[in-house]
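Spelled out from the first residue to the last, the chains are:
Protein chains: 4
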Amino acid sequence: MSEEPLSFEELVARKMLRINEVHNMEVGRTALLVVDMQRSFMDEDASLRVPQAWDILPSVKKMVDFCRASGIPVVFTEFVVQPELPNLRCDPFGPEHLMPEPGAPTGWGMPSGNSVIGMQGPENPDTIDELKPQPGELVVRGYTLDKFYGTPLDLALRAQDIRHLIFVGMMADLCLLATLFSAAMRDYRCVAIKDGITTIWPHILDAVFDIVERKIARVMTSDEAIAEISAQLEGLQVGV
Amino acid sequence: MSEEPLSFEELVARKMLRINEVHNMEVGRTALLVVDMQRSFMDEDASLRVPQAWDILPSVKKMVDFCRASGIPVVFTEFVVQPELPNLRCDPFGPEHLMPEPGAPTGWGMPSGNSVIGMQGPENPDTIDELKPQPGELVVRGYTLDKFYGTPLDLALRAQDIRHLIFVGMMADLCLLATLFSAAMRDYRCVAIKDGITTIWPHILDAVFDIVERKIARVMTSDEAIAEISAQLEGLQVGV
Amino acid sequence: MSEEPLSFEELVARKMLRINEVHNMEVGRTALLVVDMQRSFMDEDASLRVPQAWDILPSVKKMVDFCRASGIPVVFTEFVVQPELPNLRCDPFGPEHLMPEPGAPTGWGMPSGNSVIGMQGPENPDTIDELKPQPGELVVRGYTLDKFYGTPLDLALRAQDIRHLIFVGMMADLCLLATLFSAAMRDYRCVAIKDGITTIWPHILDAVFDIVERKIARVMTSDEAIAEISAQLEGLQVGV
Amino acid sequence: MSEEPLSFEELVARKMLRINEVHNMEVGRTALLVVDMQRSFMDEDASLRVPQAWDILPSVKKMVDFCRASGIPVVFTEFVVQPELPNLRCDPFGPEHLMPEPGAPTGWGMPSGNSVIGMQGPENPDTIDELKPQPGELVVRGYTLDKFYGTPLDLALRAQDIRHLIFVGMMADLCLLATLFSAAMRDYRCVAIKDGITTIWPHILDAVFDIVERKIARVMTSDEAIAEISAQLEGLQVGV
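Chains as they are written, first to last, in the working numbering: chain Z, 17 to 256; chain P, 17 to 256; chain R, 17 to 256; chain G, 17 to 256.
Hints are computed from structural coordinates only; laboratory data are not their basis.
Just so you know, these numbers come straight off a predicted model, no measurement behind them.
Check each hint, because a few of them may be wrong.
Note that the list lumps identical chains together, so a pair holds whenever it fits in one copy or between two copies.
Stated by the list, open to error - Result set (DSSO-like, lysine-lysine): computed pairs, CA atoms no more than 30 Å apart in a straight line:
hint	residue 1	residue 2
1	Lys31	Lys148
2	Lys231	Lys148
3	Lys231	Lys77
4	Lys210	Lys231
5	Lys31	Lys231
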């Protein structure tokens with residue numbers, strides 16, 4: 017009763033310990049979510065190109081390969097646009113998603129058909145070939161930043177009894193953050209892979225991880241996540 | 017056809033012009049959302065005290081008073097906790113929301129009953145007296161950061177045919193951001209009041225406005241918002 | 017004060033009058049929803065064939081043609097299945113939606129690939145040719161009975177500021193009823209077209225209209241709906 | 017390969033077997049949902065009185081008592097109204113939910129304050145005393161028929177890892193059916209207790225069970241449900 021009160025650092029450490037405990041991934045109830053690693057945001061000629069996406073590709077691919085090999089479902093999201101479904105994400109917030117007039121210049125800030133379903137070439141919204149979804153892997157196409165809103169993502173996850181979600185992809189401050197918020201609100205235990213998530217501005221990326229780590233998700237490196245799951249898989253194999 | 021291509025600055029300016037145009041508030045279809053200006057986050061003795069909330073109170077109150085006087089509905093949100101509804105926002109992410117053992121120390125990082133429904137004193141989740149909801153004003157209590165998730169907020173707004181939402185309150189990076197994302201995904205035209213939104217860390221606040229302004233909402237000062245609506249009200253009165 | 021109390025019949029009549037008043041369709045904010053008029057439920061050789069669907073086709077087509085001619089958006093829903101998204105609607109409730117083993121018999125109660133995306137022939141989930149969606153018309157594909165759940169239907173409607181929904185299609189007691197419930201909960205003012213909605217069993221169809229009329233939607237014939245909208249269109253043309 | 021094809025009856029039996037198998041309740045992941053057994057629908061003087069509710073009360077109470085004794089969470093829903101949240105369920109579909117003018121007659125079809133939060137007397141929306149929620153049991157208040165829409169019900173269930181829902185209450189064709197549809201769409205494995213669900217018209221009650229049994233939920237008696245769970249509890253106790 018006359019215990020010494022814990023210091024601020026000790027309180028933070030205790031909270032982190034508890035976060036890790038609650039989020040410890042259960043094989044069989046964990047899925048990997050690959051957010052918007054798509055041509056229309058990565059192709060050299062795409063109007064909404066995010067060059068940094070190529071920097072995280074090795075970590076993203078490492079996670080995808082590991083999950084495929086370990087029987088952990090991999091789900092891909094893609095941001096898409098359809099002229100039949102006009103909304104604020106296109107006009108006014110994403111002029112690049114509008115269809116260009118024939119002969120008009122295209123590119124950042126201009127109607128370019130970016131991410132329009134059926135568009136061919138650099139504005140095509142398909143996941144890049146390097147991560148190509150395999151037969152049996154679900155691709156969820158969404159019309160807003162939050163890939164839970166207006167999509168069957170939640171249904172797909174709950175129907176498979178998924179409770180833990182590992183996040184990789186982009187952009188950290190837009191689609192990934194909106195989807196991560198939405199997953200956390202639904203009580204999914206979420207892990208954000210630090211070396212597998214990016215955006216264009218380094219200080220914004222730092223801010224996002226800061227926000228997320230305090231109240232939303234566990235933040236880990238890809239190697240840490242793989243180590244945690246591997247240890248559990250080994251445990252399962254030796255009957256622990 | 018041989019027009020000079022627009023510069024980057026001109027493209028940004030054109031986009032901002034279009035954002036303002038689409039978001040121009042319609043009196044009669046606009047509501048003010050006051051996010052989590054509650055005792056349990058503002059009381060001097062609250063475990064989750066955000067001192068900066070008092071700095072924005074004058075702007076928040078100015079908006080509330082103006083909207084009340086102008087017939088614009090004011091809706092309040094409150095973050096609440098109920099032991100019958102345990103979730104990740106409490107354990108592990110908000111230990112302060114757990115009920116304290118009798119006699120145990122309380123405060124940041126420790127079980128303190130923060131925002132628990134029915135809790136009296138500084139941990140009480142009611143909106144502060146300075147903004148006290150008036151008869152007829154809706155208070156929406158939510159159990160997660162996103163005040164659309166698991167609440168009747170969307171129903172209340174659509175039943176009143178609201179299309180524009182003005183945001184004030186806190187914390188900029190958590191409840192306010194999650195709710196703003198969620199509103200924008202539902203195609204509400206959103207305005208974030210720069211001097212009426214805050215959080216604890218200045219660089220995080222800057223990052224949030226940066227994220228929001230690019231793809232989510234219009235960012236305005238309270239005076240600018242009031243001027244826009246006033247001009248429209250005057251127009252209505254003179255029959256324009 | 018000493019007024020005669022209203023009789024039960026008078027109270028019912030007063031309620032019906034008020035329902036009609038509130039639901040009076042606003043041109044410009046009304047859309048037609050064509051529910052699941054798809055090959056896999058209508059083809060002569062489909063495992064889940066609903067022969068009655070052909071009986072309502074003239075009324076459905078009349079509504080579609082009228083709306084197209086009047087500038088009222090037409091939205092189509094389709095029930096679809098994807099092996100990557102297993103759920104209870106397939107196993108155990110819809111064995112016909114599972115993929116058949118090569119050479120195994122198919123048909124009602126047996127795995128037949130019914131409504132699987134990409135399936136060719138009578139089990140194909142596309143809207144029938146007689147109602148073929150035109151360029152610019154939205155088709156919403158859903159994995160459950162309720163075509164709001166896990167789809168961008170709500171986003172598409174609110175982004176176009178739609179407030180009134182006219183329902184035609186099937187099955188009255190399953191997809192149509194679940195979607196109608198869901199629309200009504202979201203405060204859409206709904207009209208069920210009596211001669212444009214069907215299911216297999218007449219007494220179930222009667223029960224559905226009974227349920228709907230009391231608490232969910234206005235029930236009208238296609239001619240009544242067309243007359244109401246036509247009158248309003250004429251009013252608009254003569255400047256009323 | 018030259019097997020005799022199954023008869024229609026055999027196909028139905030096979031499907032029912034599979035439905036039972038998939039829905040076999042897991043203790044620890046099952047909750048009981050008591051829908052709208054509230055004073056304002058059951059009190060002798062309530063404007064929206066459903067006399068049949070008293071007929072199912074013994075079965076409902078049997079289920080509640082059994083679940084409480086077995087550690088299965090019991091969740092109550094209540095339909096509520098708030099003048100600050102006007103919507104179509106009140107005007108035009110539920111005039112009884114509107115507040116009466118002082119001195120005006122009240123009752124069916126007339127403004128009576130039915131189910132308004134804070135209303136005292138027979139129009140009070142609290143669960144009846146006979147089923148009074150115990151400390152620790154969640155009560156979910158909703159403003160529409162579907163108690164998932166605009167409420168934290170889904171969050172509460174998923175946060176406790178619930179996968180199976182047992183339904184009792186009323187009205188079979190309105191709140192109970194809308195909530196059951198909504199639960200089934202979310203892939204909850206649902207059981208409808210035949211002797212614990214009612215509505216005013218017997219043929220509508222029959223139609224509802226018919227609809228539900230084909231595509232939505234398992235239909236069982238309270239005794240069958242109790243026997244299934246008891247067998248499983250005994251199995252757990254003897255270490256099976």
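Tested hints:
{"no.": "1", "hint": "Lys31 / Lys148", "verdict": "neither (38 Å within a copy, 34 Å between copies)"}
{"no.": "2", "hint": "Lys231 / Lys148", "verdict": "between (33 Å within a copy, 28 Å between copies)"}
{"no.": "3", "hint": "Lys231 / Lys77", "verdict": "both (27 Å within a copy, 28 Å between copies)"}
{"no.": "4", "hint": "Lys210 / Lys231", "verdict": "both (16 Å within a copy, 23 Å between copies)"}
{"no.": "5", "hint": "Lys31 / Lys231", "verdict": "within (11 Å within a copy, 33 Å between copies)"}
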